[in-house]
Every structure is written in structure tokens, then in C-alpha cells.
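Asks: Okay, here's what each chain looks like letter by letter:
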Amino acid sequence: MTHQTGMTPKTDIRMRVRNLKVKVADSGDEILKGVSFELQAGKVFALVGESGSGKSVTSMAAMRLLPEALVITDGAVEVEGQDLFELSESRMQTVRGQRVAMIFQNAMTALNPVQNAGKQVAETLRLHTTLRGDALRQRVLQLFAEVGIPDPDSRYNFYPHQLSGGQQQRVMIAMALACEPDILIADEPTTSLDVTIQEQVLELIRDLTHSRQLAVLLITHDMGVVRNTADEVAVMYRGEIIERAVVDDFFHNPQQEYSRRLIDALPDLTHFQSVAVEQPLLQLDDVKVYFPIRQGVLQRVVDYTRAVDGVSLTIGRGETYALVGESGSGKSTLGRAILNLDDIAGGRITFKGEPIQSLPRRAMLPYRKKIQVIFQNPFSSMNPRLTVGEIITEGMISLGLGLSAAGREERIKQLLQRVQLEPEFSQRYPHEFSGGQLQRIAIARALAVEPELIICDEPTSALDVSIRAEVLDLLQELQREFGVSYLFITHDLSIVPSLAHHVGVMRSGKIVEQGSAQQLLTNPQHPYTQALLASVPRTDPA
Amino acid sequence: MLAYIIRRLLYAIPILIGVNLLTFTLFFVVNSPDDMAASQLGEKYVTPEAIAAWKTKNGYNKPLFVNADAEGLSALTDTIFFTKSLRLFAFDFGRSESGRDITTDVSTRMWPSLAVALPTFMVGIWVNICVALLVVMFHATRLDRWAVFLFVSLMSISYLFYIIGGQYLLAKTWRLVPISGFNADNQPWKFLILPVLVGVVAGIGSGARWYRTLFLEEANQDYVRTARAKGVSEISILFRHILPNALIPILTGVVVLIPSLFMGSLLIESFFGIPGLGSYMLDAIKSQDFAIVRSMVFIGSILYIFGLILTDISYTWADPRVRLT
Amino acid sequence: MKPLVLWSDALIYLLVISLSIFFYKLRQDPQTRERWGQVFASRLGMVTFTVIIAYVGIALLDSLHFRRALDATEGVESGEIFYDNKVTSVLDVMLGGMGERFERTYSAPFALKSFEKKNMKDEQGLAIRDYPPLKHAGQYLADPADKWFDVLVKTTAALLWGLVISALVVGVQWFMLRGSANPWYASWGIQAVIICFGVWLVSISHYYHVLGTDLGGTDVAYQSIKGVRTGVLLGTLSTLIMLPIAVTLGVMAGYFKGWVDDVVQYLYTTLSSIPGILLIAASVLLFQVYIDLNPDFFSIGMEKADARFIALCFILGVTSWSTLCRLIRAETLKISQLGYVQAAHAFGVSHTRILARHILPNVVHIILITFVLDFSALVLAEAVLSYIGVGIDPSMGSWRNMINGARSELSREPAVWWTLSGAFFFMFVLVLAANLFSDLVRDAFDPRTSMRSSGT
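Here the protein sequences come in this chain order: B, A and P. The first sequence begins at 1 in this note's numbering and counts up one residue at a time. The second sequence begins at 543 in this note's numbering and counts up one residue at a time. The third sequence begins at 868 in this note's numbering and counts up one residue at a time.
These are computed hints drawn from the structure, not numbers from a lab. Careful: at least some of the hints might be erroneous.
Reference excerpt, derived from the structure (chain B facing chain A, CB under 10 Å, subset only) [to be verified]:
hint	residue
1	Met60
2	Thr94
3	Leu111
4	Asn112
5	Val114
6	Asp303
7	Thr305
8	Arg385
9	Gln530
10	Val536
From the three backbone atoms N, C-alpha and C, an ideal C-beta is built for every residue, glycine too.
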């Protein structure tokens, strides 16, 4: 790594962003209000913030890749003493990929779907180096090996969709590193990956930072990622950096209230819900949900996808059962099966001792009152054409709660107040609310029919960290108040300790381990549980 | 893949039966052979005897579905449905009301149709893609907006105006090419230039606009951002990343049309006097020759279904993500 | 005078009333209002919408029909009043008898003499062959050379009148729409242009044939305007007939899946596998045979033509539902997976209620986009179908009847270009306005495109 003379005394500063300002071209709203930071060789600088805080805009602005709707109004981005904003577009193209490289969230869509993996990496090399032919191929294979892609020779010809999520992200990293850049910008590189793979990719980035003396800008919303990966951290809030510190200091002594909220959202593996012996409310006994696989000329069913393959569990009155698993483990399907939205292929579901599996629509109605649901995406779980009031009353009307119109009106008000919203909101439409508010409305909707069990299907995963905690607190309050039970479906082990009494870990349609939260989280038996647990970021440097 | 194709072919059978039943209902139930005879004979000559004679001559004197008079299997075969409709499955189109052999007509007339339709199709796609690419390069500029306006204007002009205008300008005013006609032996290209040109120009508006939308849709994908971050120039992004991806919907959108090229274009052929299937159909419609219309409906459906299967196969060819099972 | 309600008149007014109610209902939904707001916030939206409304207005005026009472025959005393077999519309009255000033045959725009020579007798009674003067074009002029000066004077007068009327019309709107953020001025500009043009056309048609006359000597400008009703009605009625079929089947297939879906898919694949033009042609021919064999059904020619027209709309509608059906099926499939439908299931809401409350309102935007898109396609298709001989009855005013003779007219020397141009102009403006408007509507209502325009 050579450095030009005339740099600042601290020669390992690779990129200096100064007073960066960006605004929306049409409305003039400021998105970035003067952001400044430096990237140093061999260090990971994390920019954390919630959605809309401007962290991705910062990175795109630094690379001059902003969409047309946004314009840079002020500031400078210096790389080796050269302001990138003053370069011509063609010069800038030699900077991108060669000096500054980027990796993105969701590698599946960030890779060209109709070009094979090897070619995409080779394209970068072709652009910035003189490598051609076999030498080019060899270099790509070498890079594949470096980022840990197994069997590089055959993977070279794979299309992105043929690779696993982790491998796709590795290809992205190989592509970024191909021309040995000094600076790497990683925009939420692990967000769409499962926890266990997330950890591997972060480790790769950490290793490469040291081995190649990269200066890394890591953009993330996940404090756990910051804790495990970054050297320095800056918190972004509404287009500004409000706090900046070395990672250890930051986690032990955050200066800003907002930073503290972010840190508090990390799990505390020392406090658990106490488990009392309760009578069972819902029991699953060897429940199976199969989806047929059809093949051949006549589309006969040749096999089944065993989405849920013999699950047994018990949820007691007034307790929370957390069902943890990665995407595709069958946990959401199980929730739908309990609600009788998917047919089950075998097993028994008993609610208060009564079997409720495969009941016809009418016979199921009394149980619909008792079992309710909250979905993951609050934006799609409300009909945009109904008012909040209409949304909440829907269940009361269809399940015949026997309230008069005025009585329903009164109940809507109570419910909205109970979930800490204004009663006047009942006249408004869903699109006027934020995700957190919508999720409260969803809770009110579920509570409206006075259920005894609510199936919460990833209710907080679409929400920002600081709001997540509020919604979880509300759910717990309601549990204490109404004695309602929860089946809490989540991929995020970190929210479990404060919330759940019992935990089940699900993988490939089966529960691999279950028990009380304390027992499972402090002394996991199954290797998969251990792996999951190991990848959970935590405040205490374990 | 093979299993898939076989399944699709099997699936085509009920569809063709459906088409057959529908045309049968239209031609023989809604509109009885008596009505047909009456309108063919003309009002003055309608007498019960004349109708009966016409029906016998054209083979419409049988019952519709079940022949109670006949015995055994011929109770079902000696019916209008069997002789007029089911025969089509064996590609036995019979004779037109004017007594010509339809199969011969179709096989001779399909080549002139193809001679016009195929070049129009190929040149059309090529021109549309080029125009769309050019416009996309100037995306979000004044030029782009005016180009879109121009496309919409071109789309808003009836096909008839293109034909009449083309004939008036190129053939009548400038005398560059013959106005109409077709001679397969003597310089056929001379007669093809104008219809192909008119066909291509008439298609630019909607075609280029559609392709522009497809290109822009791809331009907003994540992988384009990745390519930019790699330092790929805008031109290379357009040709190496956007074009191959946008070709998938373009290809699969047009493949369904390929088999129907045999059918030719009704308007172009009749205006330019090209003896293809298009003008054949038009003549049949104008002379109310239902036997020909029925056969052409059947052929058209087969070609369409064939096009659908080709579309699916072209998906696997163009898009590595698609596997047919 | 005796009012006459044709079937198509009744249908179009029914359509206008139900559309008004529909849009009034839709206004209460905030999202829909916001999106329409987006359409009308652009000048292009205002302009195209005004043009479309103008066309629809002409079509509606042309749909109020009556038959004039015939003057009692002299000497015959009878209490019975006889009515003219010719049907007149309110529009004809407003055009000031434009359609009643026939010439013998072709004449060029603003010409004073006929296009073709004719054997005549001059003042001395000698047979000569010359261009005869027209009956209704500038015969009051002392010297034919004054023609253009006369046109100029009359144009100025007409434009002044036009401006006065526009000022009134715009003034009233301005007063009523004070404080609106939408670019109404764009609409007002176009309104003024249309009003001035209309006033000019009607007033000057008393003295000249602005667009000449056709083979039969009818004023071409009059014919072009009469073609508006056919174009507009065909576009709207066909779509209207198609909507219930497409929506019902599409929603059912997407929601119930299983065998319902299989059946619906089978139906539309079968239908769309038949070459559309053949299916339409065959159906129209069959209907023609039916009309021919039952001539007693219709008392006057106009009613027969109208029946044929409605049949055409019906056939176009029935044969073209498959595209919309496919779109609605796909959208319903998507919506059925969304949280709010799942939540409704979890609340035990009945299927009919889910369909009515959750599914239907959320596919309305597709119906709307298709309606506007198909409109222009159908107007264009009519010209083609008529060429094949299965379109509008020739006795009904239609643009294609004007295009039909264009080939032979253009091959004359000098070419007769004005009939074609008249049809071209009126058709092009309508289709262009509809296409541009539909683009805006789609941008506003299609989430994919609106995402694109937000630039992220």
C-alpha cells in the first residue's frame, strides 16, 4: 500500500468525508445535514442508525451513486487527498471498484441474475486490470478461495440463484475485493442472512480488514453487528451523526439517550421470566403440515415438502412460548396450521382439551374468538381502504360479540387507549400511521375479540430497534393484565430472554430442543441451539 | 422438460375441444343450417326446397349431434358435429362452401403470408429495441419525454392510416415501389418492401414504448447499482447488464406470436393484394364462407397454443432461473 | 316532434349515471383521492381530461334523439301526425343544420365549385361542361376572389364570439374553483380553444364547407363530428359489458383457487387461443344473418343500425375479457396472501364479505387502468373491423366509413384528401388524449410505476 505525500500526519486515513449535505431535489428536504468522518486502514468504522436516518444515503453519496431525486449540496469526500466530487464521471468510474469497493444488502438481487458468478467477478478485473483469458479466470478462482467459496472451479459457472445466501454474499465480497481496493463500503451486508450465516460473513469481513489492511465503512442497523465487528462507531439520527466513539467506550458509556435506547435493545442473558406451573391452554401433538411436490407428465404427487414434521408442544395459560427458527424452518406454517389457515396432514391440536384441527369454517368460529394473530408486516396486514375503526370492529362483527354500534364505538376507543394510541385515530386510514403505530393497531384488533391465545408471527421484525422494545413491553403488559398467552414466532433469539417463559428451537420442520427459557439459553444441549446462541450479539463481551 | 412439454401438449387437447365446441355452437346451433342456407341463397330464392337442396349439397342435412336414423357407431359419426367439427382434428378441413379444397388453399397461401409477416416481425423487433435503447440512454431528459410523447402519438394513429399513407407517399407520389400485388417468381422483394415498411413503422409506437418501460424497470434493479459501484460505464451497463435481463420479457413476450406469423395480417395482405392467409380469411368473412372461417379458427388456435408452449421453452433458454417441471 | 330513445342512448346515459355514482363513492376513499389528485395535478392530465370530456359531451348530445313531425300534407285533414323517418339529435340542431346542406358530390374545403365537371347549360342555353357552383358555399359573393377576405371577416367575428363565450365559461369555473391547487388554467386554455373552434366551425359552415364534401355531397366536418358518438360509445360500452364477466371470474379464480381457478383458466385460454378478429367477425356475421332474417324487429333503419352496433359492442366485450380476467386473477392471488385477508380469515369473516370488503376494492385500480387503456384500443379496432365489413352499419356516422373510400379517393387526380384528413384528425385527437390520460392514470395507480417515479 503506497501513500502519496502531502497527506495529513495520520497517514493511515484512507477516506475523509467532510460536512456532507444531501437534499431532495424536488422538496428541498435535507436528508444529510453535514456528516463528517474518516476511515482508517485496518479498522472497521460502523455507521448505525434506523431506517431513514440517512446512513445508506451517506454511502451512496460518497460513491456519487445517488438516485436522481437526491442532490449533494455541500461537502467533500477525499480519497488520497483527492476530492471525489471534483472528478469527472469517467475518472470516477476508475475509482469505483478499484479504489473504493462496495457490497450491498441482499446479494440475491444485487447480483446480475443472468450472468454467472465468475463472470461478474471477472468483469471488475477486466475493467480495472489488464488480466485476460486464463489468468483472469485463475485470479477469480483465487478470490473465490480467499472468501471461502467451496469448490471454486465449479462455482465459477453457477448463476446467483444456484448459490446459497451466504455464498452469494461471498461472491459480492470477492467482486468488491478483486482489484484490491483500499476502502470497502459494506451497506447492511448481513441483514437478509440467517443468524448463523450472518456470523460467518462478518467474520470474513473482519479477517479481510486485517489481512488486507482495508478501511471499512460498515453500515448497519444492528447493534449486535457493531459490537462484534466494528472498531469505531457513529450513531446517525435524522441525517446527523449524534455520537461517535470507540466501540468499547460506546457500549459501556453511551452519551446520548438515543444511543442508550439502541444498546438496551440488545439481549440481556442474565434475566429470565420465571416459570410457574400453569394448566395447558393449547397442546400440539405430533402436528404435521405437508405440501405436495408434483412432478411428471400428469403432475402426480411424488413427494411432500415437510414444512412441519411432527411438532409437539404445550402452551400454558398466561404464558409466552417462543418458537425460534431461521427462515424456512416451518415456524410460520405451524402458526397458520393452529389458526386453521393451512390444512394439517396429521397430529392433534387441542385447545382447552377440545380437538380443533381440521374443523369446518362454522365449527371453528367459537375458537376464532379465542385464538388470534398478529402478523409480521404491519403495512400489509391492514386493508388500506378501511378506517382503523372498521379494521378493529371487523372481528367483533363477524364473530358476533353482540355489541351494539355504540358499544363497539366505545370498545374501539378503549382498545386504542389501551395500546397507547389516540381514540380519534379510529376515523383515520392505515397509511397515515408508522409501522410501530400500525402494529399497536394490529394488537388492538386482536384484543378486540378477547382472545386467550395470540399467535405473534414475527411482530417486531419489520420495526426499528427502538420501537421494537416498546411493542414488546406493551405485549407483556397486556399479558399481565388480561392473562393472555402468546405463541411468539421469531427468528431473533435476542428478544427471547425478556419475553418468553418457554422456548422451542425449530429447524427443518422439527423442534430440535425445547424447555424453559432460562434452561435453554443458559445451557443449550443441541448443537444447533448452541450455534444460534453463539451468533447472538450481546452487550457483555463474552 | 420433456415431461413438461408432453403435459402441455396434453393440456392442449381440452382447449382445442373447447374451441371446437365453441365454433360449433356459434355456427350450427345459434345459427342453424337453415339460416345459413337462407342467407347464402339470398332472399328472393328462399324456398324450402332450395334450402334442402343447398343443405344436401353442402353436407348440412344431417342432425347436429346424434343421428337417430343411423345405426351403431354411425349414429354418432353421421352428424354435423362429427363431419364438420371433429374432422378438423385430423387436419381434414374439407371443402369451402364454394367447393375449393381448404387444405390445398391453406398450404399454398401460407408462404406469401410468411414472406410478409416474418420480415416485418424480425425487423420490427430489431428497430423497436434500437429505438428504445437510444431513448433510454437519454433517460430523464427532455429528449426522453418528447420521444415518449411521439411514441404515444404514433400509437394513436389507426393502422389504416399507415397503410393508406404509405401507399400514397411511396407508391403513388414517389413511385418507388408498386402499390400492391405479389409475384412470387418475379422479384418478390419489390412487392414486399412497402408492406414490411408499413408494418414496422406502425409498430414502432407501441413496441418502442413497451421496451423502454422494460429497460427502465431493469435499470432500477439492485444489480445495476452493483455494476455502477464496480465502475462499469453507463453504456456498458446498458448493453451488458440491462439488455440481457430485459431481453427475457421481450423474448418471451414475442415468442407467442411466432407461430401466428403463418396466419399473416388481415389488413396488410388485403390492402397490398398479397395472396396469403390473411386475405384468404378476409375474403371468407366477406363472402360468409363459414367452412373456411371454421378451419382458420382451428388452425389459429393450434398455432396460438403452440406459441404458448414455445414461450415457456424460451423462458428456460433465456433465463437461467427458470426450470420447467 | 317525438323523442326516440335508442338502446345505445339508454345504455350510454345509464353508464354516465353509474360512473358518476361510482366516482362519487370513490371520492370518499382517501387513497383514491390522493391518486386522482396526482393525475389532475399535472397539466397534461388536465388537458387530456378536458379533451376527453369534450368528446364525451358531443357523444351525449348526439345521443338525445328525436323524430321531427312532418308537415301535414296539404288538403289532407287527419288528426294523425306523421313523423320523419330520419332521426335527428340535439347535436344536429346545435350544429345549425350543418348536415342538411348537401352538395351533388365531392368538393374541396372552402371551394365554391364542385370537384367534378358536369354537363350544364349556360345562359344562352348551350351545353357546356364545367365545374358547377356549389349550392351552399359562398354563392352570395359578388366576386369569387373576395372569398378569402370573406372567410377572414367571418372567422374574426366567430372567434370574437368564441372568446366571449369562453370567458363566461372559464369565469364561472374560476369563481367556483378559487383556491384549488390543481393547474386548472391548462384545462381552461383547452376549453377556450375547443369553444372557439366549435363556434367558428358552426358559424362558418353556414357559408362554406370547411372540410369539403364527400362522394355523396355530405359535409365532411359534419360527418367527422357525427363519428364521435360512435367512437366514444363503442369504447365505453364494450368495456362495460366485459367488466362484470372479467371481474367476477378473475376474482373467483384468484380467491377460491382449486377447481374454480382451473375452470376459469381453461375458459380464458380457450377463448384467447381463437384469433380474436375471426371470432368477432364470425359472431358479427351470425348476428347479421339473424337481423336479415328478422327484418320486422326494427321499425326504422336507425334502430336496425343501432341494434347491430350494440351487438358489436357486446361481441367485442364478450370476446375480450380474458386479458383483464388474467390480470385480476393474478392480483387477487397476491392480495389473498396479504396479512389483512389472512387476518380476516382468522376472524372467521365469511367469503362473500372478504370478497366485497377486502378483495374487490383493492382490484378497482386494475379495472380502471384497463378501462382507460382499452378505450383507445377499441376506437382503433373499430376502424379495422369496419374495413373487414363487420363493423358499424354504413348508415351510422362513423370515421371508418370516411376512411373506407380513401384509397380510391387518393388515387384520383388531384387527390381527394379531405375526407381522410377529417376522420384522421378527429380520431387521432381522441385516441391520443385517451392514451396520454391512461398513461397518467397508470402512473398514479400502478404501485410499480409509482415506486419508480419516487426515485429510490
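Asks: All the hints need checking, so say for each whether the structure fits it.
Replies: Evaluated hints:
1. Checking B/Met60 against chain A: minimum C-beta separation of about 8 Å stays under 10 Å; hint holds.
2. Because the closest C-beta pair between B/Thr94 and chain A is about 6 Å apart, less than 10 Å, the hint holds.
3. Because the beta carbon of B/Leu111 sits about 6 Å from the nearest beta carbon in chain A, less than 10 Å, this interface hint is met.
4. Because the smallest distance between the Cβ of B/Asn112 and any Cβ of chain A comes to about 4 Å, under 10 Å, the interface hint for this residue holds.
5. Restraint check, B/Val114 versus chain A: the minimum CB separation of about 5 Å is within 10 Å; hint holds.
6. With 10 Å as the threshold, the beta carbon of B/Asp303 stays out of range of chain A, its nearest partner Cβ sitting at about 12 Å, so the hint is violated.
7. For B/Thr305, the shortest C-beta to C-beta distance to chain A is roughly 14 Å, which exceeds 10 Å, and the interface hint is violated.
8. With its C-beta approaching chain A no nearer than about 27 Å, B/Arg385 sits outside the 10 Å limit, and its interface hint is violated.
9. Proximity of B/Gln530 to chain A is violated relative to the hint, the smallest CB-CB distance being about 34 Å (cut-off 10 Å).
10. Hint on B/Val536 is violated. Least Cβ distance to chain A is approximately 28 Å, over the 10 Å limit.
Checked against the numbered hints listed earlier, the structure breaks hints 6, 7, 8, 9 and 10; every other hint is satisfied.
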